[in-house]
Structures are given as structure tokens and as C-alpha cells.
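Heads up: the sequence shown begins at 1137 in the numbering used here, then just goes up one per residue.
By construction, these hints were calculated from the structure, which means they are not laboratory data. Among the clues, some could well be false.
[Said to hold, decoys possible] Derived lysine-lysine pairs resembling DSS-like cross-links, with alpha carbons at most 30 Å apart: (1) Lys1213 with Lys1268; (2) Lys1232 with Lys1210; (3) Lys1270 with Lys1232; (4) Lys1200 with Lys1270; (5) Lys1200 with Lys1215; (6) Lys1226 with Lys1270; (7) Lys1226 with Lys1200; (8) Lys1270 with Lys1210; (9) Lys1232 with Lys1203; (10) Lys1213 with Lys1270; (11) Lys1210 with Lys1200; (12) Lys1270 with Lys1203; (13) Lys1203 with Lys1268; (14) Lys1268 with Lys1200; (15) Lys1203 with Lys1215; (16) Lys1213 with Lys1200.
[To be verified] Distance windows between CB atoms, simulated: (17) Arg1201 with Thr1244: 17 to 23 Å; (18) Glu1162 with Asp1207: 16 to 22 Å; (19) Asp1188 with Ser1227: 23 to 29 Å; (20) Gln1184 with Thr1244: 18 to 24 Å; (21) Ser1204 with Lys1226: 17 to 23 Å; (22) Val1220 with Ala1252: 17 to 23 Å; (23) Gly1267 with Ser1204: 31 to 37 Å; (24) Glu1230 with Gln1254: 33 to 39 Å; (25) Arg1201 with Gln1154: 33 to 39 Å; (26) Pro1253 with Leu1206: 21 to 27 Å; (27) Gly1247 with Arg1157: 29 to 35 Å.
As the structure is a computational prediction, the values presented were derived from the model and not from experiment. We put the beta carbon where it would ideally sit given N, CA and C, even for glycine.
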Amino acid sequence: MALTGWLGYGYYGVWQEQHRRDMFMETARQGATNLTSIDWEHAEDDIQRVLDSSTGRFYDDFEKRSKSFLDVVKQIKSKSVGTVTASGLKSYSEDKADVLMSVTVRSTNAGVPEQAPQVWRMVLTVQDIDGKAKVSNVEFIQ
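Model the full structure from these sequences, guided by the hints.
Printed below as a string of C-alpha cells:
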């Protein structure tokens, strides 16, 4: 009986760890998609989506720049759609993770010929804030 309890407790611990990693990975994937998918026709909602999934320094920086970013997006009638093509856990602790992302971004602007897709690589830091994961930093890498 004790062995069954010990094994069950061990399994629960493994399940919890996997669940936390999955939460960090999914939040990073969604954060990268939100950040790279902005449509001038509903840019306010797209920007709010980025802010809603953010915290800390990244939230503060993005919020400060969001008004001028919104103005530019609307002025040039920009539409971008990001698709996560690869991701991996770079580092992980109890309350945060650094996740590597490769995102293919297709962009269009009014009056500009169609552009070739771009591949962006980034590291998103995701933090657990009271049981909810949020993006706290984004670093673009080459």
C-alpha cells in the first residue's frame, strides 16, 4: 500500500512538472503569434491581446510604444501574420521559462508589392504570475 502511494505521489509530481512546462510553452507560442500577427483593420484588439498576455518590463515597454506603433500600422495599412514553425525550452525553473521560437511572418502593406516571408527567431521569457503564465520579456536573436 505504501508503495502505491509513493508511486502515485511521484507520478503526480511528474504530471505537475509537465503541466507547468506545457503552460510555459503554450503561452510563449501564443505570445509570439500575438506579437507577430497585427492587422491594421483591428490593430487595437491585436495590441490589447499582446498586452493582456504580458507582464513586467515587456508589458511596460510595449504599452509605452503601442500608440505610435498603432499609428504606423494604420497609416501604412499593415497586416502581418506570424506562424510559429519551431519552439523549444531553453531554460526552466519553478516560476519562469525561456522559450526559443522560430516564427515565419508574412506581411503586406498598402501600395507595396507582396513581400517574401521573413523568419524571426526570438527568446520569450514566460513567468508564472499567481498560476497564470505571461510573457515578461522578448529578445530577438540572429
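Q: With 29 to 35 Å as the target window, see if Gly1247 and Arg1157 comply at their CB atoms.
A: violated, 44 Å
**Q.** CB-CB spacing for Ser1227 and Asp1188 relative to the 23 to 29 Å hint
**A.** holds, 25 Å
(Q) Please verify whether Lys1210 and Lys1200 have alpha carbons no more than 30 Å apart. (A) holds, 17 Å
Q.
For Lys1213 and Lys1200, compute the direct alpha-carbon distance and say whether it is at most 30 Å.
A. Holds: Lys1213 and Lys1200 sit about 21 Å apart, inside 30 Å.
Q.
Tell me if the beta carbons of Ser1204 and Lys1226 are separated by a distance inside 17 to 23 Å.
A. Given about 31 Å between the Cβ atoms, the range is violated.
Q.
Taking 33 to 39 Å as the stated bounds, is the beta-carbon spacing between Glu1230 and Gln1254 within them?
A. The hinted range 33 to 39 Å holds for Glu1230 and Gln1254, with Cβ atoms some 35 Å apart.
Q. Does Lys1232 lie within 30 Å of Lys1270 when you go C-alpha to C-alpha?
A. holds, 9 Å
Q | Given hint Lys1200 paired with Lys1268 - CA-CA distance at most 30 Å | A | holds, 23 Å
Q | C-beta pair Val1220, Ala1252: status relative to the range 17 to 23 Å that was hinted | A | At roughly 19 Å between Cβ atoms, Ala1252 and Val1220 fall inside 17 to 23 Å, so the hint holds.
Q) Regarding Gln1184 and Thr1244, is the given constraint of 18 to 24 Å on their beta-carbon distance met? A) holds, 22 Å
(Q) Does Lys1210 sit within 30 Å of Lys1232, going by the straight-line distance between their CA atoms? (A) Measuring from Cα to Cα gives roughly 35 Å; hence the hint is violated.
Q) Is Lys1213 close enough to Lys1270, meaning Cα to Cα at most 30 Å? A) holds, 29 Å
In this structure, the earlier hints numbered 1, 2, 18, 21, 27 are contradicted, and the remaining ones agree with it.
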